[in-house]
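Residue-level listing of the chains:
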Amino acid sequence: MKKSSLFNRIRESRLFLPLGALVLILIFDALYSPGFFKLGILEDPVYGNHLYGNLVDVLNDGAPLMLVAIGMTLVIATGGIDLSVGAVIAISGAMGAVLINPSLGNQLVSNAITAKNATNTPLPIIVLAGLAAGTLCGLWNGFLVTRAKIQPIVATLVLMVAGRGIAQLITNGQIMTIYYTPYFWFGNGFILGLPVSIYIVLAVAILAWVLVRKTSIGLFLESVGINARSSYYSGINEQNVKLFAYTLCGLCGAIAGLILSSYIHSEDANNIGLNYELDAILAVVMGGTSLAGGRFSIFASIIGAIVIWTFTLTVYTLGVPANALLAAKAVLVMVVILLYSEYFRLFLNRLSERRAVRPEVQKGAESGTAN
Amino acid sequence: MAQRIKVFLLGYGPLLTTIVVFILAFLAGGWLYPAMKNPQVFFNLFINGGSLLLVSIGMTLVILTKGIDLSVGGVIAMTTAASAALLRAGVSPFVVMPLMVIMGVVFGFTLGCIIQFLKVQPFIATLMGLFFARGMAYIISLEAVTIRDSFYKSLALTPLHLPFVNAYVYIPTLVGPFMLLVAIYLTYFTRFGRTIYAIGNNEQSAMLMGLPVARTKIAVYSFSGLCSALAGIVFSISLLAGYGQFATGMELDAIASVVIGGTSLFGGIGSVIGTPFGVLINQTIVSILQFNGTLSSWWTRIGVGLLTLIFIGIQSVFYARRKYG
Amino acid sequence: MVDSPNLLSMKGITKSFPGVIALEDVDFSLRKGEVHGLVGENGAGKSTLIKVLTGVEHPDAGSIELEGKLVQVRSPQHSQEIGISTVYQEVNLCTNISVAENIMLGHEPHRFGSIDWKKMNVLATQAMKRLDTDIDVARPLENYSLAIQQMVAIARSLEIASAKILILDEPTSSLDVNETNLLFDVVRKLKDQGHGIIFITHFLDQVYRIADRITVLRNGKLVGTYETASLPRIELIAKMLGRTITELDAVTKSKVEHEQKESGERVLEAKGLGLKGSLEPVDLELGVNEVLGLAGLLGSGRTEVANLLFGIDKPDSGSLTLKGKKIERFSPLESLKNGIALCPEDRKAEGIIGDLTIRENIILALQAHYGWFKFLSPEKQSEIAQKYIQLLGIVTPSPEQLASNLSGGNQQKLILARWLATNPQVLILDEPTRGIDVGAKAEIQKLVLDLADEGKSCVFISSELEEVLRISHRVVVMRDHKKAAEYSGNVDEQTIIQTMAGNL
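Each protein sequence line maps, in turn, to chains A, B and C.
Just so we're aligned: 125 in the working numbering is position 125 of the first sequence, and the numbers increase by one with no gaps anywhere.
Just so we're aligned: 145 in the working numbering is position 145 of the second sequence, and the numbers increase by one with no gaps anywhere.
Just so we're aligned: 473 in the working numbering is position 473 of the third sequence, and the numbers increase by one with no gaps anywhere.
No lab work stands behind these hints: they were computed from the structure.
Hints may contain errors.
[What the hints assert, rightly or not] Short derived list, chain B residues pointing at chain A, Cβ under 8 Å:
| hint | residue |
| --- | --- |
| 1 | I47 |
| 2 | Q116 |
| 3 | L118 |
| 4 | V120 |
| 5 | F132 |
| 6 | M136 |
| 7 | Y138 |
| 8 | L142 |
| 9 | A144 |
| 10 | R301 |
| 11 | I310 |
| 12 | I314 |
| 13 | V317 |
| 14 | F318 |
What you are looking at is a predicted structure, and each value in this text was computed from that prediction instead of being measured.
Where a beta carbon is used, it is the ideal one built from N, C-alpha and C, also for glycine.
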């Protein structure tokens with residue numbers, strides 16, 4: 001018997017909020033910035049013919065955030081958090097920039113050499129090095145949380161700040177401009193008309209999805225996030241499950257760093273990936289994953305990331321700079337958290353009840369244990 | 001006798017460790033760079049660490065209740081930006097300063113209420129507070145705003161010569177030590193302070209004991225907001241500017257100072273007395289790096305991060321042994 | 001005997017929660033200068049009664065009179081204000097601050113606006129001296145043993161709350177003999193001073209030592225209030241378990257007749273297995289095709305045995321051998337791999353994963369065994385889930401329902417299903433039929449016997465003697481955290497009860 005109509009099913013689905021928000025923003029754009037939806041084909045001598053327009057930018061620019069959101073989803077599912085994603089981006093980008101640098105070390109070289117379109121190390125090694133660095137960061141975080149039993153917020157906060165220092169160390173404090181054109185392909189190239197970064201995101205998303213849904217890891221992640229003790233009693237190795245989440249998050253951050261530094265052709269250890277952690281948390285929260293841990297959806301988080309990036313882009317086109325946007329985003333996160341929060345609903349209920357009748361003091365349905 | 005020494009060491013172990021580390025660090029600096037032996041260098045630690053000391057004091061109380069306040073850097077930035085903007089608009093500094101303090105208290109109060117009544121975890125609420133405050137700073141002004149007010153300038157540039165030593169400090173430098181005394185009084189001589197310790201140890205028990213838990217927690221976050229606002233005022237005087245990018249990363253420095261100063265992140269253990277030593281160690285590292293000249297300032301970040309972890313480890317050793325049975 | 005007026009009089013107290021009636025028309029009274037013991041098994045309603053008295057819960061019906069005056073206890077704070085104080089088993093003080101502060105916090109003496117530490121310490125020392133305890137009140141509470149901490153809690157009640165009624169909730173669970181004696185000395189002193197003391201415990205000898213009267217609760221109803229002197233222990237236990245003495249004599253166990261397959265092969269062997277503070281070293285044996293019943297009152301150490309066998313706790317003495325091989329590593333995952341399973345006692349905190357579906361809950365342990373990469377396909381999962389839903393009669397519209405939506409009894413079945421799915425060699429069941437309807441109980445009992453027939457072994461822990469006897473081949477009786485006796489399955493209830501009472 002078809003009881004729930006399609007509309008109801010959509011409304012109850014976890015994707016409702018992020019998709020709804022996305023639709024709202026796009027409608028706003030359609031009304032206020034007519035050029036937003038323009039799509040064209042650009043004949044690009046370097047990268048070949050490809051699509052061109054704001055929507056493409058959204059996907060391309062938003063790719064690093066989508067990647068970080070994927071990793072962050074898994075960490076949050078276990079009931080933790082990773083504040084160091086921005087720093088991981090900086091470190092992985094730094095690895096890439098430094099290894100490319102044709103004049104290794106502190107030698108004084110002429111501009112001609114540094115600006116040469118060449119690399120000191122083969123491209124595959126560069127990519128691998130960046131990814132390895134990020135994965136190591138994730139392992140480090142995971143180790144601190146699971147073995148040293150440090151709270152996730154503090155453990156990742158340390159890397160968040162110290163990590164930028166490490167990135168500075170790698171780049172010797174310089175903002176390094178990258179001239180090696182093949183490196184640019186990750187952030188700027190196009191395959192079949194669509195940006196390369198999207199393919200990377202898709203690949204990572206599919207890989208992550210396979211890893212968590214086609215193996216038992218996803219189930220264990222959720223189980224540990226909901227009730228770590230019962231999970232332990234059921235034989236789940238919750239420490240390793242958490243370690244996996246943090247390590248994968250580090251890897252995602254590394255890939256994001258690769259794309260980002262490739263896209264902007266440079267590596268600024270201080271500013272690259274700045275505030276990505278806020279956006280990532282917002283993306284995950286929008287996607288309906290609770291900050292307390294438990295059920296998660298990678299796909300929903302990706303949509304959440306798209307929402308945030310579209311929001312950011314819309315605000316850019318209106319002329320408001322990113323930094324001022326920070327305050328609005330913070331409020332947005334709080335609102336979304338509260339919307340999803342049970343306590344908030346109870347709180348609102350109590351407020352409305354107080355206006356209606358003066359009820360007997362309820363000790364709450366929670367104290368329902370009889371003994 | 002040995003028993004008494006053991007009890008004393010266990011009780012004050014972490015604090016003693018911190019003090020020893022500071023002395024060693026400072027002596028090491030003096031040995032490596034003779035220029036550091038100048039007494040002014042010691043007092044520079046206080047001058048440069050003025051803001052950090054203030055936010056760390058507020059942070060200590062919050063961490064004692066087993067909470068955390070990540071918004072401190074943002075509030076500093078917001079305070080500097082608001083101050084600069086208001087001063088530029090011609091508002092008197094004697095109105096601006098109290099106004100900033102009120103703003104800090106209200107901000108902390110709001111966060112405290114969100115944490116207590118809406119049951120949002122402290123780290124998430126204050127993290128959003130951080131981004132919100134910093135965002136507000138940028139909304140006030142995207143670029144740095146210079147402060148040209150004469151009162152601020154006089155505060156920034158008038159040295160106070162110290163007796164017995166050939167050194168000086170500035171007036172804003174004194175705010176930190178003053179608030180330290182206030183905090184020591186609060187934590188050791190008032191019911192409010194002792195309730196903080198009780199809450200940090202076991203919030204359930206504190207409630208069952210009839211203590212005003214909700215009020216105290218909100219007050220603690222308000223106090224942290226107050227300290228952050230004061231730090232912001234000191235900051236804006238020192239740099240004679242207001243800018244949204246100020247004090248980035250100060251959250252970790254503050255937490256580090258508190259942890260290194262002997263206060264445990266698990267709440268209920270530690271003291272605000274150790275916090276200034278944590279700040280001094282932080283500033284000593286910065287000084288040593290400055291005197292070195294070749295190593296860069298980002299070594300500070302790495303060093304501070306590592307030290308924090310080490311001290312968390314030290315604490316777990318000391319505090320684990322204290323548990324009875 | 002002088003008719004001392006009632007300090008406290010609770011009449012007709014009724015309290016229910018969604019799905020369960022915790023208290024039904026219960027009367028309770030307390031005289032001045034009396035120690036009144038409150039006893040009952042799990043689910044009897046003891047702690048609900050106390051929660052009503054201390055204002056944590058509000059009764060649906062009934063009245064409370066304090067010294068003849070009707071009162072409504074609004075909250076824990078309010079109860080303290082009117083003179084009712086509780087000392088909990090976990091003490092509920094703050095261990096990081098000094099003894100003096102714990103006694104006086106919230107009412108410290110002040111001088112010139114700040115805390116007068118000297119005066120506080122003096123007052124605190126006096127308060128402790130009144131309880132015959134002489135300690136340095138300036139040192140942090142955590143430096144002192146739990147026994148002293150309880151004294152501090154009592155001192156706080158007397159100092160701050162000027163308590164007329166003192167409720168001691170399982171105060172001796174973690175105390176040794178000497179500390180218990182000290183506590184009782186203080187209790188007697190308080191009694192002489194005219195305080196009324198409610199003493200909740202499951203240690204029956206202690207009740208006999210200290211209580212003037214005993215109230216027995218069972219299943220939320222009042223069984224009766226008796227003068228201690230005129231209630232023999234055996235009768236007390238009978239009342240707690242819901243039997244009359246004559247019934248006990250006449251009970252013939254309706255044991256399901258079955259043949260225990262003789263194999264004699266020992267599966268699990270524990271020699272001197274113990275953990276300090278939790279379980280005295282025990283020797284246990286479990287054979288193939290065997291159901292070993294573990295009987296004993298609440299708190300006698302049964303769950304501790306289960307936790308050690310399953311690896312949740314690591315023993316610090318003795319050894320555990322499985323099929324001849326010594327078990328080296330203790331953890332739930334190791335036990336799972338070895339084929340040992342445990343259905344824990346606390347299904348909410350240690351069993352059910354509420355936001356996961358029924359299907360996921362059922363296959364969880366099995367999947368943990370297979371590890372990360374050998375994933376059970378959704379079809380296989382549904383198949384397994386359906387199998388056990390049917391086998392155990394779990395009532396649910398679909399396996400995709402969240403586990404938290406199930407009733408208590410069905411949740412218990414869910415956990416059982418989870419472990420049955422792992423095809424264990426040894427199945428340890430800790431109170432598996434608590435909260436399950438009669439029909440389902442019988443099903444589970446039959447299931448356990450069938451498992452034994454198939455060549456498995458089972459450790460069956462239950463407070464219900466009848467079912468323990470019905471399905472066990474052998475019975476071990478626990479008392480006071482050690483093994484009191486071991487009998488064959490044909491033993492009668494009388495004997496077991498006598499063993500639990502300490503008469504045998």
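Evaluation of the provided hints:
1. I47: 23 Å, violated
2. Q116: Violated. Min distance 11 Å.
3. L118: 6 Å, holds
4. V120: 7 Å, holds
5. F132: 4 Å, holds
6. M136: This hint holds: M136 of chain B lies near chain A, its Cβ roughly 5 Å from the closest one there, short of 8 Å.
7. Y138: 4 Å, holds
8. L142: With a minimum Cβ separation of about 6 Å from chain A (threshold 8 Å), the hint on L142 of chain B holds.
9. A144: With a closest approach of 12 Å, the A144 of chain B hint is violated.
10. R301: 3 Å, holds
11. I310: 11 Å, violated
12. I314: At about 13 Å, which exceeds the 8 Å cut-off, the nearest Cβ of chain A leaves the hint on I314 of chain B violated.
13. V317: Result: violated, 12 Å to nearest chain A Cβ.
14. F318: For F318 of chain B, the interface hint is violated, since the closest Cβ of chain A sits about 16 Å away, which is over 8 Å.
Checked against the numbered hints above, the structure breaks hints 1, 2, 9, 11, 12, 13 and 14 and satisfies the rest.
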